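Hey, can you piece these two chains together into the complex? The hints should help.
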Amino acid sequence: MKQNKKMIVCFLTPALLFFIIMFLYPIIRTVIMSFFNVEGVSDPMSEWTFNGLGNYEKLLGTKLFQTSMVNMIKIYVIGGIAVMVIALLFAVILTSGVRAKAFWRAVIYVPNIINAVAISTMWIQYVFNKRFGLLHSFFEALGLEELAKIDYMNGSWKFWSLLIAFCFGSVGYFMLIFISGIERIPADYYEAATIDGANKLKQFGFITMPLIKGVFKTCMTFWTISIVGFFVWSQMWASPMPSDNATITPVVYMYNAVFGTTGSTARDAGVGAAVGILMALIVLVVFGLVNVLVKDDDLEF
Amino acid sequence: MKKKIVSVLLTTAMVATLAAGCGSSDSGSSDSGSSDSGKEMTYWSMWNSTEPQAKVIQEAADAYEEETGIHINIEWKGRDMKTLIGTALEAGEDIDLFDDDYMRTIRNTQEYLTDLSTLEGEEEFESHVMPVILDKAKSWGDGKLYAVPYQVYTTGVWYDKAMFEEAGVTDVPTTWDEFLDVCQKVKDAGYNPITCNSDSATLIYGFQLARYIGQDAVLECFNNGAWTTVPEAKKAAEDIATLVEKGFFSPNAPAQYPDGQNEIGFGESCMVLNASWIPNEIVQNTGTEVDFGFFPWPSVEGGVDGAEASMVGAQGFGIVKESDMQQEAFDFATMIATGDYDLEMASSVNSIPADTENTEWPDAISAAEPYFKEMTKAYDWAVGLESNADFTPVITENVVKLIQGNTTPDDFVQALADAQ
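Top to bottom, those sequences are chains A and B.
For the first sequence, this note's numbering begins at 1 and goes up steadily by one.
For the second sequence, this note's numbering begins at 1 and goes up steadily by one.
Just so you know, these hints were derived from the structure itself, not from any lab.
Bear in mind that the values here come from a model prediction, so they are computed numbers and not experimental data.
All C-beta atoms, glycine included, are put in the ideal place defined by N, C-alpha and C.
Just to be clear, a hint being listed does not mean it is correct.
Said to hold, decoys possible - Computed spacing ranges between beta-carbons, pair by pair: (1) A:112 with B:359: 48 to 58 Å; (2) A:28 with B:360: 57 to 67 Å; (3) B:69 with A:222: 54 to 64 Å; (4) B:80 with A:191: 51 to 61 Å; (5) A:12 with B:418: 48 to 58 Å; (6) A:116 with B:78: 11 to 21 Å; (7) A:222 with B:228: 40 to 50 Å.
Bound-form chain B, shown alone (with noise of 0.2 Å):
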């Protein structure tokens, strides 16, 4: 019978101890933080702890600690800071602030972010954001910015200028005519005139068709499957087998990420239609030194959409509105947003500084620069193609079958309006 107590209160003992286990942890982080240097902040980041960009965002954490005296913690989520960051907030998770790409970061959480303009410091942020980044921003948020951007992209061709100057093309192409003169002289000096991967086909089509219609009417044609209804929709589909018909794409084209876009690198191809993290991406690859040139997708006869309209985009740090230390976590992420901090971000991942007062591009991105300043209207990603999830497979695969020559511009719109 004793035995019998003593295990009953053993399993007793267990069972709390288990419980014990549980509340302990939370109430000793809180601990830690109140004991270490007065202040701590938690800070959620979408980067893993050994790329480029978190090794300057841990520079800043530490230099913005010997100055404030403020501890950061660092939680480095990589990319599935999509699938977690949502269901930490709802659930209380202690954290001052997080980033994501930013449309997703104000669109999916604003109704757990501060709103910025409440916090000393904002206008004057705002003066160094990138105008067309900052509307774009806002537009989400209802006037307000709930985000602060950094690490820009902008979209455009990204070519080799040694193949532009061995096949004798002086001018970059700004109409749809020109580019194909462009696309037959390169191929003409024995290059592929353009490449591209699969998972970005979409852009093609995307920026051709937007190129027509503008942004808006895409994204209505998207919505209402209007495929057939729109001529433009064909007009542009026809656009592209043209391209094919002539032998503009690379017979590998298009390929499996990243092999399209490193022909480039490997010399035998000439243009790529992405994002500015591409002549990076490239080097990086396949370890030739390109230099790159940059024209933005032309426009075409009869369009709306010329030089002045592309995707841009950043990501974006959020600031969590239950946190008490909002100013502190605004300070730190204008301090990487903004300054010397943005300036080495861009320089070591050869990406577009935010800070509109760093006007010193990196080398393999520079020829974007004065096509930036211009830049009025912002396209979302794919120009909005890949904004439904449940019909984005289905426009790539058709797009895919276009470049690779595998179906006409009518059956490509068929097939459009068909599965929608």
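Isolated chain A (complex conformation) (with noise of 0.2 Å):
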């Protein structure tokens, strides 16, 4: 055994030291520097200055910061409901014995494997562009002339043409994680509630419901590290601008501070860090919850 524990600090050492400075090191670098005043993110620490909670408050007090947490809300709740229930009824129906499983699995999933620069554009030029695209053509078709005049790029459409398109590409991820789930559950159940007399809605709600649970749980962790770091969706959204108050999130926001916009010079590293550390917070609270919340292990199969 002696022998074996040099073995593990053999070859631990090495994968330690990387996490060290490669993570921890940024860490707890950001966690400080989320409490002074810093211009550049790589400013040396002589040249800070303690603020204290300083940070905190200004971004607590900047409207375009709340905003950005409202939008980051919106799209956790309302595309998470969305989403989860699409994905689930997807889950359900692909995994009754449906023909061609493997085919439409593989359509649904489609959208995860293009990158999000290209499916986004591909949303704004062929679906929402108020000249060519996909729902102007199709209204004008149809000679509804109001509804073909919807300016889905600006103004109130804006943060639902950005949901619309994020969550259509979402749903495909989290059907595979709950088909993969559902597949788990033992099919002799499923045959013996049907001989009791279960249809399938009952079955649904009272066996696959149940043994999901776990999944639900997985689902809720992918789904908020996700919209906690949305990114890149809501700077297409914007672009060529820095950000806009329809889509801004926190993380974009935070991009702007630390790194400064077309029009202005402004750095604030500081108010960036602390950005930063109120997402892990964020994060951290909805793992905890989730974790009282729904309890996988009281049912074993």
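Structure (structure tokens):
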């Protein structure tokens, strides 16, 4: 055993060193940075001045940051419900023995393989464009002039066009996770339930749902992480502006605060770090809540 | 036991090679530098290698190498430059020169840059730079020049000359009332007088407000959130509302970039207020040859600014202070910013030649040339309305609403005041 320990040390040391240098050091630095006035993200520590909770206060008092938080929560809740419901529906349908299952599964998953920049360009240019877009042409062909005139990329529609496009691409990913969860449930349960006279809906409510609670937890975790880090889609929708009231998210706000924008050279890495810490805290709180609310170890099968 | 020792040794060797791997790449590049032609310098570029600007720069770099024997390593970083350069300079990356928007180059990275007046030929170079650009650049560097400006732009109203002719407009408008007349004539001729993109909607409000009170007062109003107390803030919004009421804006305005500006290429709209890269973009995007005319944003009654004031800007080369080839880097930068390469750059992307001695402007934008000479006041981008990243989206959203006709001037100024 003694030699074994030596081996463990030998193999772990490089990984541990890399972890400390590449992850732990930046994390600690960011935490400290969020309490200081720092201009450039790489400014030496000697140029930092202590600011206490000033960065956090400034953030919470900034209208644009509040807007970005509201946007993020809207995407998280509304998008989350929509994506989970649709993904679960597809998963149930695909595991119920439909023909060409592999084909449908692939079709629904495809948007995940395509780069987010490419797919959002597709949505913006081919679907939402108010001159050539699919929706415009569709309504025009039907003679619905008022609907054809809607500008999906400006004003009150902008957020919803973003949300629809983003959710469209997310469904396939969560569907796959749900499918793998549902397929783990032994078929005997359903057989027995069918014999006892339970219809499909009851089977779903009393067998499938309780047994995939753990999968829900996984999905919630992935969803939280992807929404807290919501960046590319927001940038694509705002482009070529650095950000936009309707679609800005905290991470976009952080990016602009740290690196400045086209018209503004002001940079504030301290505020950026504070955004990062706040986001990390949010993720931790959500994880905690999910763990308390969803217990997946009370059922064994 | 023996096996264990061997594996420990192997592990150590593995770690050692990892460490060595990191180290060797650094020393490798500097080694090859000195062995090639004796001298080599590194240039981080804000262009992507496929852009026409990059082609001109590459040509210049080849010519420079032939002339001096100094090889220039160009790293095409694209517009990510603003996120990369600060960290790279701080980390002591081996960069001799780089470029970015000249305001960003000077204001964000000044502490890493060489004061160009310490270099040979700087005085001579200054005489080639447009005075309005030079003054602006020096104002950010406490009177010293820290960047070599090139690819200059100016801003004003670009219009389709053929439509003006058809509408019977003979003289370009210089005052607000004349501007309204021209708009009416163009509208009567069956075109949308004005179009705009949502990303540059702030320009219209910024210009109109600055025509009344000048850029300094605009910034003061902006920084103090004094929208409801400065009467001109509402006056400018009312002027825009007038344009909307009279139906002078395209029904699609403000459209997602670049749909708004493209309407000129499609022969639907006539005028757009934007920078001098717009004619080239419209021609490239729509594939139509439009003969562009230009006039500065009109002056207003009781206003302080007129044709002499406009948004101008440029890209700028910064020479890194730590570089041991500052002079060479400066020579290369000025080679691009002046003379033949400047002219080639201008004609390849229809931009303004930076060198005052290059008086031949590309046809697409030549209409702006006489005005540029008279220009004495330089506005910042969007007359400073985009200088606060926390507030820009708010102002953009409200100007868009104003142009869409979804808000009144009263609500407009109130919304701006509330958001600050």
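*Hints breached by this structure*: The structure conflicts with no hint, since it agrees with every one listed earlier.
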